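Trainee: Chain by chain, the residues run as shown.
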Amino acid sequence: MKKIFVTAFFLSASLLASAAPADVPKAGAVPNMPRFRFENFSTANGLPDNHVYAVLVDGDRIWAGTNNGLGLYENGKWKVFTTKDGLAHRAVLSLALDKNTGDVWAGTMGGLSRISGGQIKTYTQLNSGLSNDVVYGVSIEGEDVWVATAAGACRLNLRTGAWDLYNERNTPMVEIWVYGVSATPTKVYFAVWGSGILEYDQKTKAWDKYEDPDGETELVLFKDQGLIHEITTSVSYVDHVLWAATYFGNSRYDGRYWHNFLMKDSGLPSNFTNAVKGVDANRAWFGTDNGLAYYDGTNWAVYRPSLTTHKPEMTVRDAAGHVTEIPVTSAPAHNYILGIDFQGKDIWVATAEGLSHGIFQPQE
Amino acid sequence: MSGQAHGRLRAGAVGGMLLIAAAFFAVALWTGDEAQAVITGRVGDPLVYPSPIELLYSPSGTQLYVLCNESDELRVLDAATGAAIKSIQVGHIPRGISLSPDGSRLFVTNTWDDTLSVIDTASLQVVAEWPVGAEPSSVVEDRAGKHLFVANRISNDVAVLNARTGAEEKRLVAGRGASYITPSPDGSRLYVTHVYPNPTPHRTAPESEITVIDTARAVVVDRIPLHSIAHSFHLAFSRDGRLGVVAEMHPKNLVPLAHLEHGGAFVDTLTLFGTDVGDKPVEVPLDELERYAARPFGVLITPDKKFLYVTSEGSEIVTVVDVPRLLRYIHTHQGPFAEDLSASGNYVVTRIAVGHDPRGMALSPDGSKLLVANRLEDTISVIDTHTNHLASTVRLAAPKQMSVLRHGEQTFYTARYSFQGQIACANCHIDSTFDGLQWDLEPDGFGRDIVDNRPIEDLKGTEPYKWNGGNPNLPTECGPRTEKYFWRSEQYDDLTLSDLVTYIQSLPPRPNRYKLPGYELTPAQERGKALFVRAVDKFGAPIPLTNRCVYCHSGPKGTNQKSFDVGTKKATDDSGLLDTPQLTNIALSAPYLHDGSASSLEEIWTVFNPEDKHGRTNDLTKDELNDLIEYLRTR
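Going line by line, the protein sequences match chains H and E. Residue numbers for the first sequence follow this note's numbering, so the first one is 1 and each next one is one higher. Residue numbers for the second sequence follow this note's numbering, so the first one is 1001 and each next one is one higher.
Calculated from the structure, these hints are not laboratory results. Be aware that a few hints might be false.
[As the list claims (entries may be wrong)] Here are the simulated PhoX-like pairs of lysine-lysine, each with C-alpha atoms no more than 25 Å apart in a straight line:
id	chain 1	residue 1	chain 2	residue 2
1	H	K77	H	K264
2	E	K1515	H	K77
3	H	K205	E	K1252
4	H	K99	E	K1146
5	H	K121	E	K1613
6	E	K1622	H	K79
7	H	K121	E	K1622
8	E	K1515	H	K205
9	E	K1280	H	K84
10	E	K1280	E	K1252
11	H	K203	E	K1515
12	E	K1529	E	K1613
13	E	K1622	H	K209
14	E	K1529	H	K205
Keep in mind the model is a prediction, meaning the values are calculated, not measured.
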């Protein structure tokens, strides 16, 4: 298998080398990338904690999973849920909305909580079938709650109350540290820290696995031939396209072809990526340790406080690699981006130092 | 033949006879002649009684629908004369009934079939039978005719169905024991009440809720907390929507049960909420010293908001409350009111004696008559709402003789045997099940041996009784012990005790919803069964016979009827030796262990089995433990 990859690598490399010059577009007008006015929330205006792990848009309501409670922003005010209200743990790492019922699910450092009609019910590894109390990711599809935990993945069927656990004993999972999950009617994808991407086919109930063809080396020998790295952190499956984030770059997979994104040859501000959220098959947002990035299928935009001056900064990189700075007056609260969600054309961003609301600014 | 099928046949066989008899009896009686139940002595053969549980007037007001809980039928009577028009066979043990907003369809929930019968009100034919959730107990259609909402008691949720096709679109999580749905007067919200308490930390006051659903969006938008309430039943709104009222039970299970003569083990209350009440719900008692209103069930507010009527199952009364006086009282007095036995004198107008186990009510279209369904007497009490006096009692066509089982059931449900008529067996065994609570019973001494209430279905062959196995048989369990420590009253006569025991022994197991059709096991259940019967642990070491699950939980009911110390003795327990509980429908009766300290089946082993004394389980992985629980849920 390795030989095939090596051969493929050299073939691809030579093809790319011959094709690259002719494909490079000439510099032209700056691509029209979305612009935002960022409003930032902190403890000063009611956010429970400035360290925000996750954000969830629920119509006009915004949920923020923080290091010290779950915040709900509604009608201009924050309401805070804590362990006193039944929340599993103060640190809320992940959030998901059950669009059918309106219930919100919160993955925490101490279990999984369901918030329904303002009341909280908590599932832990002791009182339920939950595989582990550290819940990094949660995603709802139909009657199933899919959960990514520090000890494998699991599924709670809301109709029967049955828990199914997925780990090294019944899936191709090598490591069991599951960081993210994206569930859809056809496929469920898991980002497994150190074990690549795991795929569950809802129809056939079969498992598949996607790994870095370079194995555990830090070298990228096989670009665009598979997942960029084994240490996956986030996954988003939309329009039958898989977007995968790792600490060493990101990937897009359409079921046949892989495309890798690295800082050196894309507009990514950093390879170290905490979160990815696809808009559709061609567009996605990336939360890195050096800012928020948007990819429209061709061009890139980065939104952040400047790494040097800390002043608001927006840069646009076109397909040719030309980078243009766009004058802006606001930026996300911090460069360390942990979570992303959309509210129409607006964007909400969870950062290590506050929650940011990017209000879309139409351009002439 | 299954009990369910047997019930259907019995119902079908007697249906025609009852219909003929109904016409004969009812015409004369409806107009006001007092009817007497015909009792010629108890007969041993099981007889099928209609057992009316809910009443509803037809849209035109010309017909009365009587939902018969035991005979599995909906009887249609002429509302003016009481003459029988038709008997419509529905599913097994129907509990809920409602009309579509346009009046064209009648819906009945069948609790043991898990189905919904749809009846065309013009033809009085069942036109559809749709599968729904576990133990559907009430149903409401939204005004847009888009959705049906069905409260499922066992699955603790509200199913949202397509109103045209019956296809289930989703389930909304309700509280535990979701049973009764009431729409707000404008139809924009649905209010769901629950017969079992929500889980709370061990030895804390029970909590329940009113689950509030946005009808148009079909999502839960609020949960109104009912503090200290364990069991709530019907809910009613005033026509202007400003006052909501819930009939409920407020147990005092955190103090020893010995104090029946010092204020009771329960408070029978109403929770009031809405604009007329204020920001927070207010709980008010119906009880008065020596005049208790045991187990409030049905509630109804007159259109002019002058009176509020409440049926009390155990006390066999309808309590009449003056609404303006009630509102004035709560606004001019400092609460809390719930345990104040002098409070109800300020707003209760009268208590009207009705029949055995009064349940649902219906107000005649002109408001002049209030009808009350007396479930265990097969009668309908007619109350004159101008005088608030009983005008007449109408006996539905039913067997003339009192069977042993019927008499036993009446004994189980009536509070007349307890001191001042405060409580009955059914206070803790809601609808002959359990209550989800833990009690401090007197025989073991105050503060000693806190015990979880066990279900009583399919009891035969599970003796001895009590968690310490101290009662060798049901006559001991239900006789002297109950009379002395619970009722604080004189003994039952021998026949009454015998009938009560016969009734309890007759309670069948409810259908197990975790079993697949055909009773084959899922792969997880199969794996769990293998763990249940295993003789060797994961390390290859033999598991001592007495430490295998299947040893103590043996036989068809999951008990070898012996006592063991499984390491769960608490400081308040006199002994660690405990009777092995049966496993029948074990998934439904959380919490677990003798004192209810395990909130879930998982906690029995993840928290309360550190030394592997409650079976060898600490070698199991989490997924294996899940498999074991999946198997247990099929028992």
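Trainee: Next pair to validate is E/K1515 with H/K205; report whether the Cα-Cα distance is within 25 Å.
Mentor: holds, 22 Å
Trainee: Can you confirm whether the C-alpha distance between H/K77 and H/K264 stays at or below 25 Å?
Mentor: Between H/K77 and H/K264 the Cα gap is close to 42 Å, so the pair fails against 25 Å, i.e. violated.
Trainee: Decide if the proposed pair is consistent with the structure: H/K203 and E/K1515, CA atoms, cutoff 25 Å inclusive.
Mentor: Answer holds: H/K203 to E/K1515 is near 23 Å, not above 25 Å.
Trainee: Taking 25 Å as the top limit, are the C-alpha atoms of E/K1529 and H/K205 close enough?
Mentor: holds, 23 Å
Trainee: Starting from E/K1622, check that the Cα of H/K209 is at most 25 Å away, please.
Mentor: holds, 23 Å
Trainee: Just to be careful, I want the Cα atoms of H/K121 and E/K1622 compared with a cutoff of 25 Å; is the pair within it?
Mentor: Since the Cα atoms of H/K121 and E/K1622 sit roughly 21 Å apart, the hinted pair holds (cutoff 25 Å).
Trainee: Quickly compare the C-alpha distance for E/K1280 and H/K84 to 25 Å and report which way the hint goes.
Mentor: holds, 20 Å
Trainee: Does E/K1515 pair with H/K77 here, judged by a C-alpha cut-off of 25 Å?
Mentor: Distance ~47 Å between E/K1515 and H/K77 Cα, so the pair is violated.
Trainee: Compare the distance between the alpha carbons of H/K121 and E/K1613 with 25 Å, and conclude whether the hinted pair is satisfied.
Mentor: This hinted pair is violated, its Cα atoms lying about 30 Å apart.
Trainee: Decide if the proposed pair is consistent with the structure: E/K1529 and E/K1613, CA atoms, cutoff 25 Å inclusive.
Mentor: Roughly 19 Å between the alpha carbons, so the hint for E/K1529 and E/K1613 holds.
Trainee: For E/K1280 and E/K1252, compute the direct alpha-carbon distance and say whether it is at most 25 Å.
Mentor: Holds, at about 22 Å.
Trainee: Under the criterion that the straight-line Cα-Cα distance not exceed 25 Å, is the pair H/K99, E/K1146 satisfied?
Mentor: holds, 18 Å
Hint check: violations occur at hints 1, 2, 3, 5, 6; the rest are consistent with the structure.
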